[in-house]
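K.L.:
Listed below are the residues making up each chain.
Protein chains: 2
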Amino acid sequence: MGRWEPDARARLLRAALDLFCEQGYENTSVAQIAERAGLTKSTYFRHFRDKREVLFGGQDELLELVGSGIAGAPESAGPLAAVEAALVAMAVTFTPERWEIGTRRLSVINRTDELRERDALKMAGFRHAMRDSLRQRGVSELDADVAAELGVLALRRGYARWLEDGGDFAEVARRALGEIQVAAAELKGAEQL
Amino acid sequence: MGRWEPDARARLLRAALDLFCEQGYENTSVAQIAERAGLTKSTYFRHFRDKREVLFGGQDELLELVGSGIAGAPESAGPLAAVEAALVAMAVTFTPERWEIGTRRLSVINRTDELRERDALKMAGFRHAMRDSLRQRGVSELDADVAAELGVLALRRGYARWLEDGGDFAEVARRALGEIQVAAAELKGAEQL
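Line by line, the protein sequences give chains H and D.
Every letter in the first sequence is one number past the one before it in our numbering, and letter 25, counting from 1, is 25.
Every letter in the second sequence is one number past the one before it in our numbering, and letter 70, counting from 1, is 70.
The hints are simulated quantities; they were obtained by calculation from the structure and are not laboratory data.
Some hints could be false.
Some chain D residues close to chain H (C-beta under 8 Å, calculated; not the full set) [claimed, not checked]:
{"id": "1", "residue": "96"}
{"id": "2", "residue": "100"}
{"id": "3", "residue": "101"}
{"id": "4", "residue": "111"}
{"id": "5", "residue": "115"}
{"id": "6", "residue": "143"}
{"id": "7", "residue": "157"}
{"id": "8", "residue": "160"}
{"id": "9", "residue": "164"}
{"id": "10", "residue": "165"}
{"id": "11", "residue": "180"}
Glycine included, C-beta positions come from ideal geometry on N, C-alpha and C.
Whole structure, please, built from the sequences with the hints as guidance.
P.N.:
Next comes the structure, spelled out in structure tokens:
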């Protein structure tokens, strides 16, 4: 592939988003996506298992970044500091290209039950990856659960803010996690009931 | 329906679980489930939209209980106290019958991608319901997000513990939320990185 053209995955994703927005997710076929991207259906299936997955590419890479980010945090880092390291490690994938299509991608997902389910599972995958990596650092099961839950919230809130304002995802996610940490520590308690 | 027989929904769920465990989810049809339950396919479809939904019945009721639990919490209750009220309100659906089939239900779900996705979306539904109900009480957007996230974690941890040990779900969930609150307040901080 010449450097003058985006790679096949990116072309397929753009073509898919164009078609999903023009005619709806349900009404679009893999053959149409491939055609719009100027590629063949078999090229499509070399990259993505089915129609849905074009919107959810790159998850394996992200899960690896979560794992290596947490494993690579300093030994003295607490659970949330390790989660922060994961978010910072993920930032490398939050490129300007990804930003540009992000809003359209999210609006397609939110309009379609099947895609919202897939997205919910993706988030559950991040939660599991954070929790498992924290457990491997010797974090207690309860603390790992709580830190992973707050980490995924930071990812979700950070992503929404990044789509709005752009900028460096690492910074945005760091700020989101910081706010969440303060809020979690100060939440008015269960004992009040 | 006579009082000597369980209602159609429960019969269909039991039949479905039997078949899913015996021959796998993929290999089971709605017609087989209905037949095993001694009911017709059209009765099945009066109760559940598709094969999957037999495992996820009652979510609307639960979402309503979440909403009314949070809305009905005392005005002075903080966000986590309101979330606790939601968990306590949900307890009415955690019956001995539900307990009896819970472990099998969960193992079928965890074995099948499609069902795990559906389950992830169900949890996201609870999160949204908690967050929206908290917002209606005037809780800030950040606090509502954090409290809902911790509330869903309490639901998940409480449910797992309840399936293991049985007992009163309200008590189990309350304890789970209490632990989570303490852990969240004490998590070692992001500023350490």
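K.L.:
Let's test the interface hint: is any C-beta of chain H closer than 8 Å to that of residue 115/D?
P.N.:
10 Å, violated
K.L.:
Was the hint right that residue 157/D lines chain H, CB cutoff 8 Å?
P.N.:
7 Å, holds
K.L.:
Taking the least C-beta to C-beta distance, is residue 164/D closer than 8 Å to chain H?
P.N.:
14 Å, violated
K.L.:
Does the interface hint hold: is residue 100/D within less than 8 Å of chain H, judged Cβ to Cβ?
P.N.:
26 Å, violated
K.L.:
Holds or violated: the hint that residue 101/D contacts chain H, with Cβ atoms closer than 8 Å.
P.N.:
Violated, because the Cβ-Cβ distance from residue 101/D to chain H comes to roughly 23 Å (cut-off 8 Å).
K.L.:
Does the nearest C-beta of chain H fall within a distance shorter than 8 Å of the C-beta of residue 180/D?
P.N.:
Since chain H brings a Cβ to about 6 Å from residue 180/D, closer than 8 Å, the hint holds.
K.L.:
Hint check: is the beta carbon of residue 96/D less than 8 Å from a beta carbon of chain H?
P.N.:
Violated. Min distance 26 Å.
K.L.:
Given residue 165/D as an interface hint, is its Cβ closer than 8 Å to any Cβ of chain H?
P.N.:
16 Å, violated
K.L.:
Grab the minimum C-beta distance from residue 160/D to chain H and call the hint holds if it beats 8 Å, violated otherwise.
P.N.:
10 Å, violated
K.L.:
How about residue 143/D: closest beta carbon in chain H under 8 Å, or not?
P.N.:
5 Å, holds
K.L.:
Just to be careful: measuring from the Cβ of residue 111/D to every Cβ in chain H, is the smallest value less than 8 Å?
P.N.:
14 Å, violated
Going down the numbered hints, you'll see the structure goes against 1, 2, 3, 4, 5, 8, 9 and 10, while the others check out.
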